[in-house]
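Colleague: The lines below spell out each chain.
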Amino acid sequence: MKTGIEFESSGYGQSPDDVRSLPGVNIADLVQYFDDVRAASFRVVDGISDDELATVFTRRDRSITWSWILGHVLVEESQHLGQVAFIRGMIRGLGG
Amino acid sequence: MASFRDPIKSGLNEYYGKLKQTVKGLTPEELLWQPGPESNHILWTVWHMARVSDRWANSTVLGGEELWTRDDWAKRLGMPVDRYGRGETPEQVRDFPSVEIGLVLQYFDEAHASMLAMVDALEQADLDRDVFAAYRNESLNIGWILGHILAEESQHLGQVAYIRGIQRGFNG
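Protein sequences, first through last, are from chains B and U. The numbering used here puts the first sequence at residues 1 to 96. The numbering used here puts the second sequence at residues 97 to 268.
Keep in mind the hints are simulated off the structure, nothing from the lab. A hint or two may mislead.
To be verified - Here are the computed lysine to aspartate or glutamate pairs in the DMTMM-like style, where the Cα-Cα straight-line distance is at most 25 Å:
| id | chain 1 | residue 1 | chain 2 | residue 2 |
| --- | --- | --- | --- | --- |
| 1 | U | K116 | B | E77 |
| 2 | U | K171 | U | E206 |
| 3 | U | K105 | B | E6 |
| 4 | U | K105 | U | D167 |
| 5 | U | K116 | U | D224 |
| 6 | U | K120 | B | E77 |
| 7 | U | K105 | U | D178 |
| 8 | U | K116 | U | D167 |
| 9 | U | K114 | B | D61 |
| 10 | U | K114 | B | E76 |
| 11 | U | K105 | B | D46 |
Stated by the list, open to error - Calculated Cβ distances over 10 Å to all of chain B for the following chain U residues:
| id | residue |
| --- | --- |
| 12 | T123 |
| 13 | P193 |
| 14 | Q202 |
Every residue gets a Cβ at the ideal spot worked out from N, C-alpha and C, and that includes glycine.
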């Protein structure tokens, strides 16, 4: 609601038009949302025992485990971080 | 028995598998293309990712010799033994030798295998242990290192995918 973006939207599978038409969201609001998500994520991770790492979930018709999810979140988010840094570098130059 | 090793290895195999897919079919020109004069190109990035993997696993954590020197990879790629990528200048990136991506990936395959073996040999107690990273002049916690490897390598993977996308378009 605060961002003006639909509830169902996560970005997955979006088109260049979808990217271009994202509302001009306040970056501070996004960071706040991200901080909240991160805090909640840590609580979840802290609650997973070694045995529970092998728990199976179904997502998009695939079977995945907690192990896969934890590795995947790090990999996916870090890919996007690298892209953010790269775009910033293109705009501001090497030390910018 | 599931352990901390499972999410780490899952992430390692995920980023490495995606990296190989992302560079598939790119021409030498596309591998060396720089979006801007200070931008890294894909070939430099992939080579650096391989160096990162090799150094963390074989030197920093295991305290042994990097495959780069032990298995003559520097020589095979025709590059100086002291080259790693960290802190390099735009000139060094721009003047990067046009080495065969297949050869870089062979090196990376071996570095990746040694990384997985390193993780397999770790026990829970090792996560609290520190190792000294000489090239950074600091002591680092092994638990931190495992997360960092995934974070650093995946950042570079994202950059490689982005540079490919700029050249080839959305699904190129």
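Colleague: Does each hint fit the structure? Answer for all of them.
Modeller: Each hint, compared with the structure:
no. : hint               : result
1   : U:K116 with B:E77  : 19 Å, holds
2   : U:K171 with U:E206 : 16 Å, holds
3   : U:K105 with B:E6   : 35 Å, violated
4   : U:K105 with U:D167 : 24 Å, holds
5   : U:K116 with U:D224 : 32 Å, violated
6   : U:K120 with B:E77  : 22 Å, holds
7   : U:K105 with U:D178 : 28 Å, violated
8   : U:K116 with U:D167 : 22 Å, holds
9   : U:K114 with B:D61  : 20 Å, holds
10  : U:K114 with B:E76  : 11 Å, holds
11  : U:K105 with B:D46  : 19 Å, holds
12  : T123               : 21 Å, holds
13  : P193               : 21 Å, holds
14  : Q202               : 23 Å, holds
The structure shown violates the earlier hints numbered 3, 5 and 7.
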